[in-house]
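Using the hints, position chain V against chain P.
Number of protein chains: 2
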Amino acid sequence: MRRISLVVVVVAVTGVAGVASYMESASGQSNGDAAPIYGVKLPKGYRDWRLISVKRLTGKLKQLRAELGNDLAIKAYREGTLPFPDGAIIAALHWDEDSSVSDNQALAAGFPGLGLESTFAGFAVNAQFMVKDSKKYAASGGWGFADFTKGKPGDEALHAKCFPCHAPAKDRDYVFTRYAPTPGTE
Amino acid sequence: MRRISLVVVVVAVTGVAGVASYMESASGQSNGDAAPIYGVKLPKGYRDWRLISVKRLTGKLKQLRAELGNDLAIKAYREGTLPFPDGAIIAALHWDEDSSVSDNQALAAGFPGLGLESTFAGFAVNAQFMVKDSKKYAASGGWGFADFTKGKPGDEALHAKCFPCHAPAKDRDYVFTRYAPTPGTE
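Protein chains in written order, with our numbering: chain P, 67 to 252; chain V, 67 to 252.
So that you can see chain P by itself, here it is in the shape it has in the complex:
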């Protein structure tokens, strides 16, 4: 079950052509602990970073996602600074979308007639990172990209897709995700 989830994710990120090379690396040809092309390593402590926004992906993937930022990224978002400063890192955490019968029973009992159901972050799929270094990554808009699953980076074919896919967001320094407002206050 876990292997199936991983393969599906990689199909989504690399396209069908990337599956063969992924299967090779999954069979033992590790890329080491730095992502190919950009050399980004898994940032330490990213689970403690602050929240930028929440997303959901539908289609052949059903995922809930959280975008977190290190201090430099959060500061830039809040102040509207573009481009992001060197040192900013944005993390995208991806989970399979899961649900619970008992949670939904509690919702139905608490709020009858509204048809409410909930889903939540289930199996941890992968995490992706954008690391700003305007000199080192000048050829890719100043960003280094990385994808990790269980501490291991994805393969080169996968990483070769990152920057072209982010090109449509050039006017936002290649970052799709916008900073979410603060419920309860705003």
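Simulated from the structure, these hints should not be mistaken for lab results. One should not assume that every hint holds.
Copies of the same chain look alike in the list, so a pair counts if it fits in one copy or across any two.
Derived pair list, reagent style DMTMM-like, types lysine to aspartate or glutamate, alpha-carbon separation capped at 25 Å [what the hints assert, rightly or not]:
#1 236 with 152
#2 141 with 252
#3 126 with 252
#4 107 with 162
#5 216 with 145
#6 236 with 169
Positioned in the frame of chain P, the structure of chain V alone reads:
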């Protein structure tokens, strides 16, 4: 448009019977800045708290949600401590689910054939809080509950529903949300 969203939310949280009293408070009868019943005020700095998990609500509400915890709550979650210690606060941030045509065009171009579309946290709806104080809130499982919209607490009818609705999660100290694993590492 914004007023409609607020009313829909309150219908969900209070049930139909709560709408009339909500409309009264929306027309100027403010409850002040402390939530009724429990006296909880809007916690400072909760937008900076660390992520517990991500959720989605469907039915008559379409929301993306983030659950954040203060340091005591995060520590208890990570160590599996139940009941939560006094001082722990859990925040639930609720947004309307939104989408972007240009985001979806970028997904379709980057990952053809997968039918991928994304949604993200849009309009900020409300935030809800659980504050642990085992003595002060002994009658409600040790938790004080609060709901805020744009800095103003919801009414008493709304808050009267909080604890009964959380009763099914008694074996998890009345907390429904579980701590999400860490994608990229786990």
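Verification of the supplied hints:
Within a single copy, residue 236 and residue 152 get their C-alpha atoms as close as 17 Å, which meets the 25 Å cut-off; across copies the closest is 47 Å, which misses it. Taking the shortest alpha-carbon separations for residue 141 and residue 252, only the intra-copy value of 18 Å comes in at or below 25 Å, while the best inter-copy value is 28 Å. For a Cα distance limit of 25 Å, the shortest separation of residue 126 from residue 252 across copies, 22 Å, qualifies, whereas the shortest one inside one copy, 34 Å, does not. Taking CA atoms no more than 25 Å apart as the test, residue 107 paired with residue 162 passes inside one copy only; the shortest distance there is 24 Å, against 35 Å between copies.
For the identical chains of this complex, residue 216 and residue 145 are inter-copy neighbours only, at 21 Å across copies versus 33 Å inside a copy, given an alpha-carbon limit of 25 Å. For the identical chains of this complex, residue 236 and residue 169 are inter-copy neighbours only, at 12 Å across copies versus 41 Å inside a copy, given an alpha-carbon limit of 25 Å.
This entry satisfies every hint, going by the numbered hints stated previously.
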